[in-house]
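Visitor: Here's the letter readout for the chains.
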Amino acid sequence: MKLATFRIGGVHPPENKLSANEPIIRLPLPKQLVIPLSQNLGAAPKPVVKKGDEVKKGQLIARGEAFISANLHAPASGKIAKIDDAVDSSGYRRMAIFLDVTDDEWMEGIDSTDELIHQNLPSSEVIRERIKEAGIVGMGGAAFPTHVKMMIPEGKKAEVLLINGVECEPYLTSDHRLMLEKTQEIILGIRILMKAIDVKRALIGVENNKPDAINRLQQFCNADNGIEVHALKVKYPQGGEKQLIKALLGREVPSGKLPIEVGCVVSNVGTAFAVYEAVQKNRPLIERVVTVTGKKLTKPSNFLVRIGTPMSALIEAAGGMPVDTGKIVNGGPMMGKALPTTDIPITKGSSGVLLVDQSESRRSTPNTCIRCARCVTVCPMGLEPYLLARISKLSLVERAEKERIMDCIECGSCQYTCPSALPLLDYIRLGKQRTASYLRNRK
Amino acid sequence: MNDILLFTLLTLCLLAIVLAVVLYFVAQKFKVIEDPKIDLVEDVLPKANCGGCGFPGCRNFAEVTVKAANENNSLGDLNCPVGGNEVMKQVASILGLEVQEKDPLIAVVRCNGSFAHSPAKVRFDGPASCAFAHQLFAGEGGCQYGCLGLGDCVASCIFDAIHMDATTGLPVVNDLCTACGACVKACPRGIIELRSKGKKDRRIFVSCINKEKGGPAKKNCEAACIGCSKCQQVCPHDAIVMANNLAYIDFVKCKLCRKCVEVCPTDAIHEINFPPRKPKLEYTETNTQPPGGHDRLEKVQPVQNKTVDIE
Chain A
1 MKLATFRIGG VHPPENKLSA NEPIIRLPLP KQLVIPLSQN LGAAPKPVVK
51 KGDEVKKGQL IARGEAFISA NLHAPASGKI AKIDDAVDSS GYRRMAIFLD
101 VTDDEWMEGI DSTDELIHQN LPSSEVIRER IKEAGIVGMG GAAFPTHVKM
151 MIPEGKKAEV LLINGVECEP YLTSDHRLML EKTQEIILGI RILMKAIDVK
201 RALIGVENNK PDAINRLQQF CNADNGIEVH ALKVKYPQGG EKQLIKALLG
251 REVPSGKLPI EVGCVVSNVG TAFAVYEAVQ KNRPLIERVV TVTGKKLTKP
301 SNFLVRIGTP MSALIEAAGG MPVDTGKIVN GGPMMGKALP TTDIPITKGS
351 SGVLLVDQSE SRRSTPNTCI RCARCVTVCP MGLEPYLLAR ISKLSLVERA
401 EKERIMDCIE CGSCQYTCPS ALPLLDYIRL GKQRTASYLR NRK
Chain B
1 MNDILLFTLL TLCLLAIVLA VVLYFVAQKF KVIEDPKIDL VEDVLPKANC
51 GGCGFPGCRN FAEVTVKAAN ENNSLGDLNC PVGGNEVMKQ VASILGLEVQ
101 EKDPLIAVVR CNGSFAHSPA KVRFDGPASC AFAHQLFAGE GGCQYGCLGL
151 GDCVASCIFD AIHMDATTGL PVVNDLCTAC GACVKACPRG IIELRSKGKK
201 DRRIFVSCIN KEKGGPAKKN CEAACIGCSK CQQVCPHDAI VMANNLAYID
251 FVKCKLCRKC VEVCPTDAIH EINFPPRKPK LEYTETNTQP PGGHDRLEKV
301 QPVQNKTVDI E
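Protein chains in written order, with the numbering used here: chain A, 1 to 443; chain B, 1 to 311.
One thing to keep in mind: the hints can contain errors.
List time: in silico DSSO-like cross-link candidates among lysine-lysine, alpha-carbon distance up to 27 Å [what the hints assert, rightly or not]:
| id | chain 1 | residue 1 | chain 2 | residue 2 |
| --- | --- | --- | --- | --- |
| 1 | B | Lys-185 | A | Lys-432 |
| 2 | B | Lys-121 | A | Lys-337 |
| 3 | B | Lys-121 | B | Lys-197 |
| 4 | A | Lys-31 | A | Lys-402 |
| 5 | A | Lys-82 | A | Lys-51 |
| 6 | A | Lys-31 | B | Lys-47 |
| 7 | B | Lys-219 | A | Lys-393 |
| 8 | B | Lys-199 | A | Lys-79 |
| 9 | B | Lys-255 | A | Lys-51 |
| 10 | A | Lys-82 | A | Lys-31 |
| 11 | B | Lys-121 | A | Lys-51 |
| 12 | B | Lys-211 | A | Lys-82 |
| 13 | A | Lys-82 | B | Lys-47 |
| 14 | B | Lys-259 | A | Lys-31 |
| 15 | A | Lys-50 | B | Lys-219 |
| 16 | A | Lys-402 | B | Lys-31 |
| 17 | B | Lys-121 | A | Lys-296 |
| 18 | A | Lys-31 | B | Lys-185 |
| 19 | B | Lys-211 | A | Lys-50 |
| 20 | B | Lys-253 | A | Lys-82 |
| 21 | A | Lys-51 | B | Lys-47 |
| 22 | A | Lys-50 | B | Lys-213 |
| 23 | A | Lys-79 | A | Lys-51 |
By construction, these hints were calculated from the structure, which means they are not laboratory data.
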């Protein structure tokens, strides 16, 4: 049978899913957690605790007041040591809450058992409210606040919920393990999300390189709950929202529009799990599964980590940093970002820590563009990356807007495939940022 | 054969005459009346087309100045930084106006995070563009306000006035600088500032824009301004403003007395083109009064006496 996938572009980098068979291990709590305030897309939440306050695990420590913002909760019980700047995954020192951990006791009113709760799904308003309270953001990497996604704009109607279990990034396996180990919770989370946006149908897209996850999910899907599992052809960047919609439904999101335009809402499996925990157990989002991997690492693993744990603790637990590590990447090799130090804390959006050894981490020397158009062939958004990079380099924002630079999903396929090793995506990102600020100022 | 040639020639001539008449009337009808002063003004401008005046090209600047002269009878803030006072005087005389003399400016790099002061902790591997590196991380030395050293300012300069110093990794401005401000715009961190050229080209400025508290600032760079405000206390001209843990010397008020340079504990305040200082010992012997009632020197004095006693 021919498997579904998106139509244009895409690459197939070596998968290197080293930790696919490693069960999720809960990492012991560190002595101090550093919780950056800005963990979500949009505005950073405002702290509601101050230095010296005693907090319980799950207690609200920062409230998202802006429209696009998400709450933050204490990942463990303890005392607030200080609220100060700390280097986070942006590479800059930004405001963070430092928490000295004393114990691991949930605050009152939170279900601490692992028992599955199937029954009593609350009404959609209550679900949305609990998602907002729990500070849930998209766990795929962009960290867009989920409650905002659940608000369907007036005049629009969601028809189908798409669940992203693609995990198309090489090396990363956190979603894969979650699908295997927390299958029922994810299915329940999907049902909750379906109720929240009032749809009768949900499709889970999983790439065909995870047959065990597909089988496992299939056991719990039936006509009654309206959830279907679809195996997809392995192709990067299938996990992109627009690519997934194209692969599962054959619909194309118009340029500059959101998936709701074609009647879809897309969520990650990790988000579905977090939604289940929040709605049925009243647990806020304080931990996530992180893959720690790398070819030279002794024990590539999947850890269940509290938000705020330094990456050095994860690397230590995975067998320590190999001597010839050239780059530490937050996220996968395609879209991840190299980090300047290992003290950077895990945030809601960190899906993996990748250690690249020196021989593989070096960039090749860029050459001139030979006009081979490979970047155009692989661009999943149908753009012309060589042109966008050139325009960005020259800061021609109006031209960049016309060439639809804002449609770029920054998947990096162009740079991956470029035979001249040109830093295409690097420049496009820069141009995208400049164009975005130009568009903001024009309004 | 001859007939054809003659016919062709006559037709063409006729056509030419008719078209010439048409063109004449069209030219009369759609005549653009341009102030001849625009050409005169453009002639005296430096024709660098650098955009330093804020307008695209010298021609546009000439048009704007003539328009301003006709409408407001004054040049206002219009200024050609490249030509300086001389050119502006010529422009004003063409337009029959007076122009106020402006202090000549020069670009100043306000970062001293050289390789020695702020050693690299990580190595940047991406494309050589400050704008790109700026959105990625704090910088190789770790200071998020400091110079990234990838030379966007050098690339932006059309006067060949700014170059990277290979030993420090910082850009250096030379005398060719016309204060057009291209590098100021090019620097994603806003390190470069246009400051007064100063008497005899002498300048004093705080070579740091780090707004962090003393501890974190000093951790990443030995030459960072730690916001101790010693310079503010010692300044007799009220020229130093402290804001966000950072000192800033107002070049209008500064009288180049160099007292702040002496007290700065991290050598963040720089002096340029001053003659070498006299040895410090001489200074204290001739002038026993501590300058400006500064408490640091007062504290130092008894210690010096004590050491003398022991000897």
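Visitor: Report the numbers of all earlier hints that the structure fails to satisfy, in ascending order.
Guide: 3, 4, 6, 7, 8, 9, 11, 13, 14, 16, 18, 20 and 21
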